[in-house]
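Top to bottom, those sequences are chains Y and Z.
Sequential numbering of the first sequence, starting at 1, is according to this note's numbering.
Sequential numbering of the second sequence, starting at 1, is according to this note's numbering.
Rather than coming from a laboratory, the hints here were simulated on the basis of the structure.
Some hints could be false.
Some chain Y residues near chain Z, calculated using beta-carbon distances under 7 angstroms [unchecked claim]:
| hint | residue |
| --- | --- |
| 1 | Gly71 |
| 2 | Gly166 |
| 3 | Val167 |
| 4 | Gly169 |
| 5 | Ala170 |
| 6 | Asn171 |
| 7 | Asn172 |
| 8 | Arg173 |
| 9 | Phe183 |
| 10 | Thr578 |
| 11 | Asn580 |
Straight-line distance between alpha carbons at most 30 angstroms, and here's what the computed BS3-like set of lysine-lysine pairs gives [as the list claims (entries may be wrong)]:
| hint | chain 1 | residue 1 | chain 2 | residue 2 |
| --- | --- | --- | --- | --- |
| 12 | Z | Lys14 | Y | Lys576 |
| 13 | Y | Lys39 | Y | Lys210 |
| 14 | Y | Lys487 | Z | Lys31 |
| 15 | Z | Lys54 | Y | Lys487 |
| 16 | Y | Lys31 | Y | Lys86 |
| 17 | Y | Lys218 | Y | Lys347 |
| 18 | Z | Lys54 | Y | Lys576 |
| 19 | Y | Lys448 | Y | Lys348 |
| 20 | Y | Lys551 | Y | Lys466 |
| 21 | Z | Lys40 | Y | Lys487 |
| 22 | Z | Lys82 | Z | Lys98 |
| 23 | Y | Lys39 | Z | Lys31 |
| 24 | Z | Lys31 | Y | Lys161 |
| 25 | Y | Lys161 | Z | Lys40 |
| 26 | Y | Lys210 | Y | Lys225 |
| 27 | Y | Lys7 | Y | Lys80 |
| 28 | Z | Lys54 | Y | Lys161 |
| 29 | Y | Lys576 | Y | Lys551 |
| 30 | Z | Lys28 | Y | Lys161 |
| 31 | Y | Lys448 | Y | Lys39 |
| 32 | Z | Lys82 | Z | Lys123 |
| 33 | Z | Lys28 | Y | Lys576 |
Think of the CB as a built atom: it goes at the ideal place given N, C-alpha and C, for glycine as much as any other residue.
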Amino acid sequence: MENVTIKINGLTVSAPAGSTILEAAHLAGIKIPTLCYLKEINEIGACRMCVVEVKGARNLVAACMYPITEGMEVLTNTPKLINSRKRTLQLLLSNHDKKCLSCVRSGNCELQQLCTEYGVDDTDYYAGEANHYELDTSAAHMVRDNNKCILCRRCVAVCDKVQGIGVIGANNRGFDTAIGSAFEMGLGETSCVSCGQCIAVCPTGALYEKDYTDEIIKAIADPDKYVVVQTAPSVRAALGEEFGYPMGTDVEGKMAAALRRIGFDKVFDTDWGADLTIIEEANELVERIQNGGVLPMITSCSPGWIKYCEHYFPDMTEHLSTCKSPQQMFGAMLKTYFAEKEGIDPKKIVSVSVMPCTAKKFEIGRDDQNAAGVPDVDISITTRELARLIRRCGIEFTALPDEGFDDPMGESTGAGVIFGATGGVMEAALRTAVETLTGETLPSLDFKEVRGTQGIKEASYTIAGKEIKVAVASGLGNARTLLNRVKAGEADYHFIEIMGCPGGCVNGGGQPQVSGDVRNFTDVRGIRASVLYKNDAAKTIRKSHENPALKKLYAEYLGKPGSHKAHETLHTTFVKRTINQ
Amino acid sequence: MLHKKSNVPFSGTKEQEQALLEVIHELKDEKGALMPILQKAQDIYGYLPAEVQKIISDETGIPMEKIYGVATFYSQFSLSPKGQYRISVCLGTACYVKGSGDIYDKLMEKLGISGGECTPDGKFSLDACRCVGACGLAPVMMVNDDVYGRLTVDDIDDILAKYE
Ligand code: SF4
Ligand code: SF4
Ligand code: SF4
Ligand code: FES
Ligand code: FES
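Start from the sequences and build out the full structure, keeping to the hints where you can.
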């Protein structure tokens, strides 16, 4: 593409034609503050934080929207601009519940950060009427506190445009404008799928997950409870960000050490459950292919996706693999197999999971997720809550040694760890399914066609003389596109992987929030996913069915993949839901 | 449960629904179809209850929230039907300084509805309006075409009783 040359603060900058002033400034290392803007998601030019002066223009312009033209001269930090931005912040504060002390976002709130940068104090705002909203706590996974909402509409855009759901939006007008759902329903009454992407993009403390850190501290302090934790693959790929490590740092060892110091009786790994899921799911796929079962089979490990399928594609729930998710398989084996083996009463076990996901909070309460007659998982927290827990327990994360997971449910393969990236489940399943179908050892374990952060990926493999077509989608808007193709008969896949969050779990709704100014110019998904692929490549065992701890589990307890016992404990059912109830 | 659902039971007819479906199918593939669909729907039903918004959402695939957002943004749309007796209280400056706000609050309390709503029996609806040109009588309220002036909150019971 052609380049355009402009001047920013007197500096000559060359940027591709079609860039905005914001993008050109970024190339020149000049930061312009933003609030509402999220690249390709929320480009509405509403907040006016990013105003700049353009020579010849009568008014200040919004840098996030304004395209550059040859010879343009831009100023980004004149006294006039600084005053304008201060006024913008003061206006926001005039209708904002300024309780930073106890706010979950204090320290990484974009509004607070800008107020600090611009020297705008919490006593420094226009006095006037302020709105008072009740908290919306109706959903299983999150809280909406509109008293802290700045109406940037990022949550609305991600829910509607990225996820294709649109259960939240701006209601009413003027001073009464507030983000909510149709007819002021609580979020829990809508067809919200609990993905938490709205929380991930919110710049302030208006949206947050329901926090269960104190329940965990209580359980650990109770001598009658046996408290066990499992951590999902993606948590280790992002937790470090909460403690100042650069994005893309693998903190698996420190995380295990921290959990042990918090006082969990066992520190296990969801990767073990992921390997187990692969064995069951690959077996189910092979059976469906060989016995004329419903195809395409679609993965069932992402509870946001499951709820979406139930609401928006209820006629396709038969396509879902009946496998429980890794979290739930892990919990089921913890309270049956492990409890029996160790002689612990499953009722005394508190099964805790740390997940990059908020939909997991919904999933633990679903029907048919209680193999031992008690819930497979009792408490599910997000990566962010784990960071909070570590801080609250006074653990100096950066000073911790690297430690490993406990045996036996801490043992995992490379296949289990890549679950966290879009395409990872597909690749892991192929490693096992291909060897099952051919009875031969794979020469190469890398299925590169299904890697990468594109929203929809397709590939086809010839396995034992048969062509197997697969597809991978992440983000529910992409899932809808793909499923509509399947329904219209335009595609005949055998196996589809769908993840509710764009990019997969590494970019889940429970991961550390990345502020807009970083997010807009960083490949967050790619960088976090690279942690998982590196972790996989470094493992000696990279196929789920070769996990020694699982071989033992099948020998001692389950028998064969897909056995009666496996079905009782590791498989589940789905329901058909509606939208606009 | 729909919290802002009109408290007047929905009484749409088959004919109305048929007319609405025709409008939707005629307009739905055009860009920016939502506004004209909502306008026509309001012409057909007189207001935009949840039941009507649901039909529009189901038929167009536009999320219900987006429809509700538009319906609550533009003052031309109403979520409640008009009552047999339409009460409007003037909140223009002259009336307001003479306490029409209190009258408005009292009416909400007496009727058990908020501004813009209608009582469940369909009898009274309540709205606020701008100066009706009777400032000399401030504070002023109207019931259909009857004008009542120099009001105090104590007059309200008698006025409402006339229409019971
Ligand atoms: S949202 Fe931000 S500015 Fe508001 S109280 Fe929380 S930390 Fe403070
Ligand atoms: S959790 Fe997901 S579906 Fe629910 S409101 Fe947020 S973005 Fe929309
Ligand atoms: S809830 Fe958060 S993301 Fe949504 S509009 Fe308010 S401040 Fe923006
Ligand atoms: S208007 Fe540019 S960031 Fe909001
Ligand atoms: S202000 Fe009420 S009639 Fe003029």
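Problem - Those earlier numbered hints the structure runs against, lowest number first - result: When the structure is compared with the hints, numbers 1, 10, 19, 21 and 29 turn out to be violated.
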